[in-house]
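Residue numbers (the working numbering), protein chains in the order written: chain A, 23 to 288; chain B, 50 to 304; chain C, 1467 to 1743.
It is worth saying that the hints were derived from the structure and are not from the lab.
The model shown is predicted, which means the values in this text are computed figures rather than measured ones.
For glycine and all other residues, C-beta sits at the position ideal for the given N, C-alpha and C.
Just to be clear, a hint being listed does not mean it is correct.
Now the in silico label distances, taken between C-beta atoms and shown as ranges [what the hints assert, rightly or not]: (1) Ala1594/C with Arg253/B: 39 to 49 Å; (2) Ala71/A with Arg150/B: 44 to 54 Å; (3) Asp1560/C with Gly63/B: 45 to 55 Å; (4) Asp243/A with Glu64/B: 49 to 59 Å; (5) Val249/B with Thr1600/C: 30 to 40 Å; (6) Asp103/B with Val282/A: 53 to 63 Å; (7) Gly1491/C with Val59/A: 49 to 59 Å; (8) Ser93/B with Thr1600/C: 34 to 44 Å; (9) Ser85/A with Leu1649/C: 55 to 65 Å; (10) Asp1560/C with Val285/A: 54 to 64 Å.
Chain by chain, the residues run as shown.
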Amino acid sequence: MALVAVPVPFGQYVPADSPVHRLDARAKLGVAAAFTVALFSVDTWLGMAVAGVVVAAIVTISSVPWRLALRGLKPVAWLLVFTLVVNGLRWNAPDPAVHLGPISIDGPGLATGAFFAVRILLLVMGTSLITLTTSPVALTDGLSSIMRPLGVVRFPVDDVAMMLSIALRFVPTTAEEAERIVVAQTARGARFDEGGLLTRSRAWVPVLVPLFVRLFRRADDLALAMESRCYTGVGRTRLRQLVMRPVDWLALLVAVAVCVAVVVVR
Amino acid sequence: MAALREVSLALEPGEIVAVLGANGSGKSTLVRMTNGLLGADSGSITVDGIDTRDQARTRDVRELVGVVFQHPDDQIVATSVEDDIAFGPENLGLPRDEIRRRVDQAIESVGLGGLERREPHLLSGGQKQRLAIAGALAMRPRYVVMDEPTSMLDPEGRSEVLALIGSLRAAGHGVLLVTHDLAEAALADHALVLSKGETVFEGRVEELFGATHDLPAWGLELPPIAVIARTLADSGVPLNLTDLRPAALAEALCR
Amino acid sequence: MSLRLTDISYTYAADTDYAEAALRGVSLDVAPGELVLVLGATGSGKSTLLRIAAGLMEPRSGSATIDDDPLDRASARGAVGLVFQDAESQLFADTLIDDVAFGPKNLGMDAVSAQAAASEALEAVGLAPAVFGTRSPFSLSGGEARRAAIAGVLAMRPRYLLADEPTAGLDAGGRRLLKSLILHTRERAGVVVVSHTAEEFLGEADRVLVLSAGTTHWYGQASDVVADPDVLVGAGLVAPDVLEVQRLARQAGLSIDGFVLDPDRAGRRLAEAGGWL
Chain A
23 MALVAVPVPF
33 GQYVPADSPV
43 HRLDARAKLG
53 VAAAFTVALF
63 SVDTWLGMAV
73 AGVVVAAIVT
83 ISSVPWRLAL
93 RGLKPVAWLL
103 VFTLVVNGLR
113 WNAPDPAVHL
123 GPISIDGPGL
133 ATGAFFAVRI
143 LLLVMGTSLI
153 TLTTSPVALT
163 DGLSSIMRPL
173 GVVRFPVDDV
183 AMMLSIALRF
193 VPTTAEEAER
203 IVVAQTARGA
213 RFDEGGLLTR
223 SRAWVPVLVP
233 LFVRLFRRAD
243 DLALAMESRC
253 YTGVGRTRLR
263 QLVMRPVDWL
273 ALLVAVAVCV
283 AVVVVR
Chain B
50 MAALREVSLA
60 LEPGEIVAVL
70 GANGSGKSTL
80 VRMTNGLLGA
90 DSGSITVDGI
100 DTRDQARTRD
110 VRELVGVVFQ
120 HPDDQIVATS
130 VEDDIAFGPE
140 NLGLPRDEIR
150 RRVDQAIESV
160 GLGGLERREP
170 HLLSGGQKQR
180 LAIAGALAMR
190 PRYVVMDEPT
200 SMLDPEGRSE
210 VLALIGSLRA
220 AGHGVLLVTH
230 DLAEAALADH
240 ALVLSKGETV
250 FEGRVEELFG
260 ATHDLPAWGL
270 ELPPIAVIAR
280 TLADSGVPLN
290 LTDLRPAALA
300 EALCR
Chain C
1467 MSLRLTDISY
1477 TYAADTDYAE
1487 AALRGVSLDV
1497 APGELVLVLG
1507 ATGSGKSTLL
1517 RIAAGLMEPR
1527 SGSATIDDDP
1537 LDRASARGAV
1547 GLVFQDAESQ
1557 LFADTLIDDV
1567 AFGPKNLGMD
1577 AVSAQAAASE
1587 ALEAVGLAPA
1597 VFGTRSPFSL
1607 SGGEARRAAI
1617 AGVLAMRPRY
1627 LLADEPTAGL
1637 DAGGRRLLKS
1647 LILHTRERAG
1657 VVVVSHTAEE
1667 FLGEADRVLV
1677 LSAGTTHWYG
1687 QASDVVADPD
1697 VLVGAGLVAP
1707 DVLEVQRLAR
1717 QAGLSIDGFV
1727 LDPDRAGRRL
1737 AEAGGWL
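Isolated chain A, as found in the complex (with noise of 0.2 Å):
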């Protein structure tokens, strides 16, 4: 059980100058997914690889270092070997090349699921590339701007954007009492390691009933002072402008006119 927090930039946002960094986040979201529906076009190892040498180029052009760009990958590590496994190994099969037992190596599956892994992992790559790359309150701003349309039909765009920012300005803040709760209860005894499933299900009751009637208070409160300063929900203007600049378009125009490639040309 962790009680150090390492101080990780939170959600991966690792803040520096770079042309990345300053790039429109709703460019980069547009790049992103213009990124992830090539990738899933591509079927020769040739387009695989200039898909690692894109991701490889903007991570050096980010900036960021290369360690906390593959941070991402470790929840996925295990997916990853998985693909591997599921693709490359065989059970009983006939004539088998290499083999222990009734499990055997299958050459060809090996190749396929080692290319489903290095897909996955530059698509994680990718995506996390946004997230360390932009700021928390530029990505809600970019996401509230995209989901605007949706006010057409009648979605509630800046409800969701003041929960949505909300929520990340809580993010560390909850998980510093989380921690103490933490201190607290095995200060008292408290054991968070030991015994089958359900054990360990009910040793989180003592934290997080405080935890969230610590939260349940303070949506009061914050309700209370977001009245105090005449939030209403409506009518509100903004601080922030996001401003597509040319570089913002060529960017977006360029990953979907490589995507569109990609999909064409296989």
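Based on the hints, put chains B and C in the right spot on chain A.
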């Protein structure tokens, strides 16, 4: 159970009024009434003539009265300092350059220059509280109501915030300072003490500091330095009972 | 018999780019019956020190022992009580008695003994079990909740109690109650109070540790701090006003022979020294 019973007070621009009382004395209820969050069962609450019950003018009331609550974390809404200060002006639907102007001025008034892009959880307690005050100031209020602004702060944060309160008065704001700390109340021009929802004292702060026998019953306590000041004053040392700076006392003593 | 930290150091995220030395070469010891006051400004390493003293984190170097055994989570369990600044946020159970019994139950006590220990602890903090026992912890006022949380720690009868800013945010009455509670606990336990202000506990402390940027700025007898409050200033702390006014008076030439913390006595001595009495 009545939280407040027949409490009256008046606040003018350019003065600090302290409302004191132990926890549960009704102070927080009073705070929520100053800007219309809560209404009174009887009696009236007006801000520059506007009745806080007038729903049509709630926005005007809340522009005139800025409220800073006790826990700064529970008032900060945005992911950066300047975005949070902008929250109020944004709610007022002001044009972008006006919002920018107000944010810059508020940051300067509270001394958070250089921290515009900082995320709130990385601020110290004192900085968070000053951010909350900046958020209120960006509404350009005439009156600022503060609920125990320094109770959760360390000494450095306390003195930052107290200095800021003094400068708010100097800038012409009317400040209502709700607290249980007599040392804080020393800043005020006059004071009101609430006990179990009722007014038990009203008058100048010096008189309050002199009421040593009543303070415990009201749940209040003279800060140790004020006890010394009292003793010295009783021995004939000419001093201001509410100037609690050790240097001022030493100086008066040696005269 | 003591809780002893010797020359401990701790660095967060030691093998990464974010390494942050929180403590370097700090020592502290407390025996049952003693009260040690740890003073430091925000960021001085107080909360790291607290977690290590509670056995929740291991120092990177130096040694931590409890009654001559190595101090770790197992040996600290039940022996070292920890009360945080916002202790009331640990309350979670349906009834107060259940919440206070949480600690004793975790230590292996059976339901009946745990309940008895909880009752006793509630009584000790001034929350009569008959009245408060069946109430929800969330229905308590701030001061009551703080005391309820402390009851939850005292119910485990720890030999050592670590308290972080125990009186923060409380009004005069609440502070007085809490202080007497801590002094009462000191009768059979070793108490460490961590704070950023000296006023509250300097008079009752045996020793004072002044932390500054993770290192020991000063460690010695509390009476020495009273005699020379300047030791606090170098660590970014403010000397108590009561001492400061006596220091300034002496500096201005008045004959003040040793400083006192009690404001009544201090006031009289100052008035005498100044020739006003």
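Taking the hints in turn, this is what the structure says about them:
1. Ala1594/C with Arg253/B: 39 to 49 Å: holds, 41 Å
2. Ala71/A with Arg150/B: 44 to 54 Å: holds, 53 Å
3. Asp1560/C with Gly63/B: 45 to 55 Å: holds, 52 Å
4. Asp243/A with Glu64/B: 49 to 59 Å: violated, 28 Å
5. Val249/B with Thr1600/C: 30 to 40 Å: holds, 34 Å
6. Asp103/B with Val282/A: 53 to 63 Å: holds, 60 Å
7. Gly1491/C with Val59/A: 49 to 59 Å: holds, 58 Å
8. Ser93/B with Thr1600/C: 34 to 44 Å: Given range 34 to 44 Å: holds, Cβ gap about 42 Å.
9. Ser85/A with Leu1649/C: 55 to 65 Å: Between Ser85/A and Leu1649/C, where Cβ atoms are some 56 Å apart, the hint holds.
10. Asp1560/C with Val285/A: 54 to 64 Å: holds, 59 Å
Violation of the numbered hints given earlier is confined to hint 4; every other hint is satisfied by the structure.
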